[in-house]
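Protein sequence lines correspond, in order, to chains G and X. For what it's worth, the working numbering labels the leading residue of the first sequence as 15, then goes sequentially. For what it's worth, the working numbering labels the leading residue of the second sequence as 18, then goes sequentially.
Simulated from the structure, these hints should not be mistaken for laboratory data. Treat the hints with care, as some may be off.
What the hints assert, rightly or not - Heads up, simulated DSBU-like pairs for lysine-lysine below, C-alpha to C-alpha not over 30 Å straight-line:
1. LYS34/X / LYS328/G
2. LYS34/X / LYS23/X
3. LYS328/G / LYS32/X
4. LYS77/G / LYS116/G
5. LYS129/G / LYS328/G
6. LYS77/G / LYS129/G
To be verified - Quick look at which bits of chain G chain X covers, simulated, 3 or more residues with Cβ under 8 Å:
7. 318 to 326
8. 389 to 400
The beta-carbon is built from N, C-alpha and C at its ideal position, and this holds for glycine as well.
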Amino acid sequence: MREITIQQRARPMTLEELYQIGRAHRERVATFRAEIHVCGSGGCRSAGSEKLLDAFRAACEKKKIASDVRIITTGCMGLCGQGPLVRILPRETLYAGVTPEKAERIVSSHIIREKPFRSLLLDADHPFYASQTPIVLRHMGRLDPESIEDYIAHGGYEALAKAVTYSAPEHVILEIRNSGLRGRGGGGYPTGLKWDIVRRGTSKSKYVVCNADEGDPGAFMDRALLEGNPHAILEGMAIAGYAVGAQQGYIYTRGEYPLAVERMRHAIREAERLPVIGNRIFESGFSFQVDLRIGAGAFVSGEETALLRSIEGKRGQPQPRPPYPSASGLWGEPTLVNNTETLANVPPIVLNGARWFSGMGTERSRGTKVISLAGNLRNTGLIEVPMGTSLRSIIFDIGGGVRENRAFKAVQTGGPSGGCIPSQHLDAAVDFESLAQVGSMMGSGGMIVMDDTACMVDVAAYFMAFCRDESCGKCIPCRVGTVQLYRILDRIRRGGATLQDLDILEELAVMVKDTSLCGLGRSAPNPVISILHYFRREFEDHITGRRCPAGVCLMDNESETAATAPLPAGTSPQTEGSVHE
Amino acid sequence: MAQIEKNQAIEAENKHKQLDRALMRQQGRRGALIEVLHEAQHIFGYLPRDILGYIAASLQLPPSHVFGVASFYPSFRLHPPAGHTITVCMGTACYVNGASRVLRAAEERCHPRAESEQHDRIPFDVHAVHCLGSCGSGPVMQVDDDLYLHTAAETVESALDQCVETVRAADHASDGTTEASPSGEIFPESDTSGRQDARNNDSAAGETDDT
Ligand SMILES: Cc1cc2nc3c(=O)[nH]c(=O)nc-3n(C[C@H](O)[C@H](O)[C@H](O)COP(=O)(O)O)c2cc1C
Ligand code: FES
């Protein structure tokens with residue numbers, strides 16, 4: 015797993031040397047006649063982008079232009095649902111759904127004859143890209159995540175070099191505070207404020223932890239970042255380390271993301287080799303190391319106190335706060351825990367200034383948000399929009415609306431801690447406050463659109479099954495409450511409940527919310543509460559009418575008459591029970 | 018026979034050496050246990066009891082602590098895997114696109130309930146996980162290390178066919194067994210597959226209403 019450790023250069027790098035590397039790389043790239051960028055991120059990769067890479071190489075060989083064309087694998091290009099995506103320069107053009115068979119024709123058309131290959135062309139002003147504001151994703155799909163030189167050529171590590179050379183740590187913190195950046199991991203806590211608290215801790219050893227545990231099902235922002243621009247995360251961490259006075263950083267990510275792990279390992283090695291992380295970074299007095307830690311499939315370990323226990327090699331169970339990690343975190347020392355996207359926002363803020371950043375977004379939610387769009391939508395993928403963009407604009411303009419011309423029913427935001435928002439609130443803005451007002455939350459940025467074939471009772475039961483499976487069992491309200499809530503929901507789904515059950519459901523939901531130990535239990539009832547609020551009719555249909563309007567759930571006695579037919583979606587207790595292995 | 022046993026002994030010894038190297042690398046690093054468990058699982062395919070004990074002794078941790086950690090995290094296997102694994106994503110994005118039908122289809126193939134179909138059982142473990150991180154392209158299914166996107170219940174059939182072929186071919190090549198070629202015979206014509214993808218094709222959405 016671990017490869018040879020590259021010997022660290024004794025001497026730290028200078029800012030001038032950094033510029034030199036960037037310049038040299040840009041000059042080298044400029045000598046190419048053309049560039050082919052093949053998306054090598056999760057979705058496109060499994061849709062066959064590796065074969066595609068070979069096909070493009072072969073095509074260039076055949077046309078005898080192999081040495082004139084720069085072919086690279088990049089991070090996510092956004093429109094995952096139409097992958098594999100390929101970008102060709104010059105005359106920047108994006109091609110969608112590219113197959114190896116088409117590689118040669120694209121090469122001869124676009125590069126040799128200088129005419130776009132029409133049939134796979136993605137419109138230059140495709141609505142999916144038109145209303146986005148890429149800040150965190152600005153380099154995504156444009157650089158080679160396995161080349162530190164490429165990142166440097168795009169202005170990488172300049173923010174770190176400048177911060178440690180010209181700014182006092184207090185000054186960096188002030189800049190982050192003034193930018194209005196808030197945590198992207200779900201809570202929305204002001205980042206500058208958190209940094210300041212850790213900075214004030216008097217201990218000699220402090221830590222910076224990047225939370226890349228992305229457990230929300232249906233969300234893949236952090237994965238895309240780790241795979242597509244790992245150095246931006248390292249740079250953000252190092253700047254955070256400098257600001258708070260930490261010497262050691264940890265990145266905690268999921269074992270389910272093998273490519274992200276591989277890319278991050280590679281990035282750390284490269285950064286140590288130059289060195290841009292290590293001893294006396296850019297000849298300053300600041301030294302910083304980064305280590306990678308890999309989770310083992312527990313959702314609750316994404317909660318910050320649980321995550322720290324997991325890094326310590328223990329069971330990833332949450333602990334009561336206070337003490338907060340910023341006061342007593344890893345091995346009892348002050349620890350800064352920030353989400354991946356939060357940290358990826360740091361280098362551009364340091365480079366462009368707080369005013370630039372706070373000019374985007376809304377009064378209380380500044381900047382942009384990366385969102386993973388999925389579900390029953392035309393255009394699914396990874397997007398970045400200014401805070402305050404309406405749900406409608408995201409779903410219908412960028413997402414292209416509901417697939418197969420079905421009717422929109424709800425959009426789920428915030429994962430298992432969030433809620434489902436119905437069509438009457440489609441004009442709600444995507445920012446921390448507005449989403450909370452309509453009974454959901456921002457969460458990490460996963461957005462799942464459901465059409466009218468979804469049964470909301472089934473969805474409520476689905477989320478409760480998730481929380482039941484993922485409850486760590488430490489506190490009773492969560493461990494027992496989620497089981498009971500699920501049982502009631504399942505009873506409703508099977509047509510065996512009474513209206514009284516609805517009252518119990520509501521009462522129990524509030525109790526679990528109020529009395530659980532950590533965020534998992536405290537937010538587990540959220541999807542149920544919001545669905546009950548907006549879609550109460552569907553619950554009543556199941557209970558009094560003993561029918562499922564969407565045709566998803568099968569009532570108990572029906573399953574007897576239809577014993578030979580398999581049950582439709584989500585009605586089988588085995589299926590539900592086995593959600594987690 | 019003796020040769021086989023000898024080979025097995027050598028292999029076991031090699032694995033232990035690998036584990037020792039992993040333990041050496043982690044020496045002195047704080048909180049190394051989970052990293053070591055990952056590496057051990059990578060080497061042995063799962064975490065055998067005696068290995069957990071060995072790790073505990075090497076890291077000077079109480080065995081109860083090591084076992085407690087290993088059993089807490091769902092990714093750690095305490096029992097040997099069946100050989101091949103089908104992982105079906107039951108994350109929200111895949112779920113709303115019909116992942117439960119994919120899961121059902123995979124389960125029916127690998128663990129058929131009917132006695133008569135038992136001999137066609139495929140030696141795959143079927144797991145459901147919460148998200149494989151390709152949510153834009155769901156439902157997503159993984160067979161060993163290969164990811165399949167946009168799987169509907171009906172494509173599961175062909176995907177399964179395909180991977181059974183490749184997996185069996187590979188297995189046969191490696192152990193030299195001469196079982197009859199399974200092609201075409203593994204899956205008896207299923208009368209259920211059509212109905213399982215109810216929500217994927219629009220007309221079938223009404224079908225369940227009629228029942
Ligand atoms: C059950 C649970 C799961 C969580 N999972 C994640 C996660 O996967 N990624 C993440 O960044 N934060 C997660 N959080 C939030 C973290 O506890 C923490 O607030 C966050 O990492 C702080 O970073 P930020 O200030 O940059 O947002 C989770 C919280 C809870 C209660
Ligand atoms: S929900 Fe299936 S891959 Fe994320």
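Verification of the hints:
1. About 25 Å separates the Cα atoms of LYS34/X and LYS328/G, which keeps this hinted pair within 30 Å; it holds.
2. For the hint linking LYS34/X to LYS23/X, the alpha-carbon distance of about 17 Å falls within 30 Å, and the restraint holds.
3. Of the pairs offered as hints, the one joining LYS328/G and LYS32/X holds, with about 25 Å between alpha carbons and a cut-off of 30 Å not exceeded.
4. For the given pair, LYS77/G sits about 14 Å from LYS116/G by alpha-carbon distance, which is consistent with the 30 Å threshold.
5. Among the hinted pairs, LYS129/G with LYS328/G is inconsistent with the structure: their alpha-carbon atoms are about 58 Å apart, more than 30 Å.
6. The suggested pairing of LYS77/G with LYS129/G holds, with an alpha-carbon distance near 16 Å, which does not exceed 30 Å.
7. Proximity of the segment 318 to 326 of chain G to chain X, defined as three or more residues with a beta carbon under 8 Å from a beta carbon of that chain, is established by the 3 residues found.
8. Proximity of the segment 389 to 400 of chain G to chain X, defined as three or more residues with a beta carbon under 8 Å from a beta carbon of that chain, is established by the 5 residues found.
Violated hints amount to a single one, hint 5; each of the other numbered hints is respected by the structure.
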